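**Student:** Chains as they are written, first to last, in the working numbering: chain A, 1 to 294; chain B, 295 to 588; chain C, 589 to 882.
Don't take every hint at face value.
[As the list claims (entries may be wrong)] DMTMM-like, lysine to aspartate or glutamate: derived pairs with alpha carbons at most 20 Å apart:
| id | chain 1 | residue 1 | chain 2 | residue 2 |
| --- | --- | --- | --- | --- |
| 1 | A | K286 | A | E249 |
| 2 | A | K30 | A | E74 |
| 3 | C | K874 | C | E835 |
| 4 | B | K324 | B | D351 |
| 5 | B | K324 | A | E74 |
| 6 | A | K30 | C | E662 |
| 7 | A | K286 | A | E222 |
| 8 | C | K618 | B | D558 |
| 9 | C | K618 | C | E662 |
[Said to hold, decoys possible] These stretches of chain B come out as covered by chain A in the derived footprint (C-beta under 8 Å, 3 or more residues):
| id | stretch |
| --- | --- |
| 10 | 363 to 370 |
| 11 | 501 to 508 |
| 12 | 570 to 583 |
[Unchecked claim] Sample of chain B residues with no beta-carbon within 12 Å of chain C, all distances over it, derived:
| id | residue |
| --- | --- |
| 13 | K324 |
| 14 | E385 |
| 15 | R409 |
| 16 | T411 |
| 17 | D451 |
| 18 | L484 |
| 19 | R487 |
| 20 | G514 |
| 21 | S520 |
| 22 | A539 |
| 23 | H549 |
| 24 | G562 |
| 25 | E588 |
Honestly, the hints are just simulated from the structure, not real lab data. Given the structure is predicted, the values throughout are model-derived calculations rather than measurements. Backbone N, C-alpha and C fix where the C-beta goes; we use that ideal spot for every residue, glycine too.
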Amino acid sequence: MTAPLGPLGPLGPLGPLGPLRSVLFTPADKPDRARRIAETQPDCLVLDLEDGVGIADKASARTALAGFAQALAEHGRPTVVLVRVNAIDTEWFADDMAAVAAISFDGVVVPKVERVTDAATVRSHLGASPAALLLAGIESAAGVATCEDTLGRGSFDACYFGAEDFITDMGGVRTPAGTEVLYARSRVALAARLGRIPAVDQIVSSFRDDDAFRADARLGREIGFSGKLCIHPAQVALAHEIYRATEAELIRARHIVAAFESRDGHGGVVSYDGQMIDAPMLTRAKDLLARNGE
Amino acid sequence: MTAPLGPLGPLGPLGPLGPLRSVLFTPADKPDRARRIAETQPDCLVLDLEDGVGIADKASARTALAGFAQALAEHGRPTVVLVRVNAIDTEWFADDMAAVAAISFDGVVVPKVERVTDAATVRSHLGASPAALLLAGIESAAGVATCEDTLGRGSFDACYFGAEDFITDMGGVRTPAGTEVLYARSRVALAARLGRIPAVDQIVSSFRDDDAFRADARLGREIGFSGKLCIHPAQVALAHEIYRATEAELIRARHIVAAFESRDGHGGVVSYDGQMIDAPMLTRAKDLLARNGE
Amino acid sequence: MTAPLGPLGPLGPLGPLGPLRSVLFTPADKPDRARRIAETQPDCLVLDLEDGVGIADKASARTALAGFAQALAEHGRPTVVLVRVNAIDTEWFADDMAAVAAISFDGVVVPKVERVTDAATVRSHLGASPAALLLAGIESAAGVATCEDTLGRGSFDACYFGAEDFITDMGGVRTPAGTEVLYARSRVALAARLGRIPAVDQIVSSFRDDDAFRADARLGREIGFSGKLCIHPAQVALAHEIYRATEAELIRARHIVAAFESRDGHGGVVSYDGQMIDAPMLTRAKDLLARNGE
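Start from the sequences and build out the full structure, keeping to the hints where you can.
**Tutor:** Here you go:
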C-alpha cells in the first residue's frame, strides 16, 4: 500500500452481491444442467466461458448463454447470475463481452486480474450495463503481487482466490492441506478486506470427497473468506454447511452476548467455558449471530 | 518498504523495555489483583483501560490507576508498568492520556496502530513525560497492512500482534493451531525486526489449558517473537518457561560453541549430533547462551 | 511492487543455469572431496568461501580454488560450478572476487543480498568475466523485505532462500516442520517467479535423516521451488528423487493430456479419478511431462 490506511470501520453488511457462501461455476454451454443447479440454489451462479469451455467451443458457448438464461428462468434462477469471460489478453475477450452485454446478467467474473486498469477495461466493454457487478479472479503470481492495488480501489465488488491457476503459474503442486498456497490465500483475503469487498475461497477439485471440501472450507472461513468456489452442484450444500454457524457456535455466541449484556457496560472481560472473553470476541459473537439471522 | 534496506546489524541487546518474555494485561480497575500479580513477576505489566474495561467503567478505571500504582508499590512492582489507553479514534483517548500523564508509569500501550502518525499523536498528549516508552498494538487488517511503515520509523519501542482483534476485523475464526493468522503473525514479526524493535506474540484465551499455551508460545518463539501476551497471571510462568532455553538446548549450544572454539577459526562447518553446523547456527547458539545469562 | 505488473507469460524453459534440482555446497578448501562430488553429479556445485570456511582459512580457501577446479576436471566436473563469495560488506569480499575472476567458473553466489545495487557491485568486480551467472542468497530479514526489488530487475539468474541465516537474523528457532519460515519461504518463491528466475529451496541440516529431507523438499517443490540446497553429497540423489516426477504422477499427467486431446478442443473440463480437471491442471500436467523429458 503506498498510502497509510486509516481505520476500515467494522465489517459492513453484505455487499451488492449478497451472501457469497457458494459461488458455483458451470460451463456456459451446458444449459441442460439448469435444473440440477436450480435445485442446489447456490448464492451465486457463474456461467463459465473461460476454463470450463474448450477452445473449440468458445463461440458456441457464447451463443448458448441466452438459452441457459431461459432454462434458469424456467427452473428457478439463483439470486445472482454472473458470466465469467476469458481473460482480457485473450483473443476471445471482446466477443465474450459483446455476448454478455447483449443479455441481462448481474455482472461479470474477470479471471486473472493483474493490473489496476483491468476493471476499467471490462467496464468499457459493458456499454449499456454500466451497473454490472464485477468479481475479480486473483489467480496468478502477478495477480497476487498486485492484489492490494487491484482490489483496493473500489473497482471490483468481490474477488476470489484461484489456487489451481496460481500454483500452476508458480510451477508448484497443489495438495489437500494447501500449505503451498497459505501465503497467497491469506494475502488475498487481507487485500480484499482492505478493499472492503468479500473474498471467495479456492476450489476443491476432488468433488466426491466431502470431508476434504469441509476441511478446506473451514480453513477458508477461519482466514476470513466469505464463501467457497464450487465446481460441482454437490459442493453447494457443503459450502452452506460450513459457512452456516453450528448450533454449538450459536449457543456459545448467545451466552457471550448475554453475559456482557447482564453487566450493562461494567466489566470488560468475562470468563466463559475456560476462556477469557473480551471486546473482540464479543464482536465476533455478535457478527456470527447477525450473519445467521439473529 | 519504499526504500531499499541496508544490513540491519546483529540482533542487539535488550531494548529500553528490557526482556519481554511475559507482558501481562490486567484491568486497570482491579487493584485488588496487585498482590497476585506481584507474585508472578511478569517482565512487563499492562494496566488496561481498553478492552479489559467495560464502557460503563472507563472513567472509574482512570481514577483507579493511582490506587493500582500504590498497591503495586506495596506488593512488589514489576520492572516495567505500562498503561493501555483506548484507541486514538475513540471518545476515551484524550481523557485516558490525561490520566496517564498525571501518574508516573513507564509508558503507554497504543492499541490498533494503523497510521504512521499514531506515535506522534500519542506523544503530543504526553506533555511532561516525553521519554515514556511506547508499545504498539498491531491488531487489525489495516494495522497489518501498514506495519512495515508504522513500526519502521523508530517511533515505537516494541509492538505486539493481537490475533483476536485481527481475526475479528477479518471476519474469520480463531483456532488453537492458528493457521488462519500465520501470515499476519509472521509479517508483523518481520516488520518489527526491520524496525529493530521486539515483538510480543498473541494471547491464548484458554487460560486453563497450559499445553495450548505452551504450543502456541513455542511457535511464536520459533518465528522470532520476544515473548507472549498474557491474559491471566498463571500464564506468566508458562511464558518464562518457553522463552527460557531448556537444559538440552543449553547443552547443545555450549557444545556447538566449544566445537568451533577448539578449531580456532579453522573449519567453517562442524558435524554435531547428525547436523551440519555452520555460521548461522553458531550465531544462534551464542545468542541463546547470551539471552540465558551465559 | 511499485509498478503494476502485466502478465508474466508462461513458465519459460530452463534458465541459463540449467536445471537446479540440486545445488551442492562444499567448502572451497576441501578439494579432496572432488571425487565424491563428481560421483553424485549435482546439477550445480558451489565452492564455498563463506560460511563453509572458517575465518582463519579465508585466504587459503581462495588459494585452493584453482586446485579444486583441477580436481573436478579430473574426476568429472558438474555442468555448473559456482563460487560463493563472502558478503559484500565483509572484509573478505574484494579478495574473494579477485580470486574468482582469475579462474574460469560459471558464476558467483552472492550471500545475504539486501540491496538493489548488490548485483551491480558484484559485476563491477568481475572485470573480464561480465557474462558470469549470479545466484542471489535471500537469507536475512532485510533480504526478505527487499526481495521483490532485488530479484525483480533481471540482475540475478537465480536465487535461494536461506532459512538458517534468516531465522538467526529473526532471533527465532528452526524446526523440521518449518512453520516459522513459511511466510518468508513463500514470499521469496513468489518474488523469484515475478523476477522470472528459478528459486532454490532451504537446506536440511540433518544430513542423515533422509525422510526429513524428502518431506522438506516435497513442500518446497509444492510451493514452486526449482530444487534444493544440499549440504552433503548424499542429499543430491534425494533432491533429484523429489524433483523428478513419480511414476504415478507421470501416468496421471499422461492420462489428463490424453483426455483433453481426445476431445480436440471441445469441453473445458474432464472428470478424472474423482477430480474435476480444467485448464490450469492440464497446463500443470503438460509442464510436468516436459520437465521430465516427455
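**Student:** For this structure, which hints from the list above don't hold up?
**Tutor:** 5, 6, 10, 12, 18, 19, 20, 21, 22, 24
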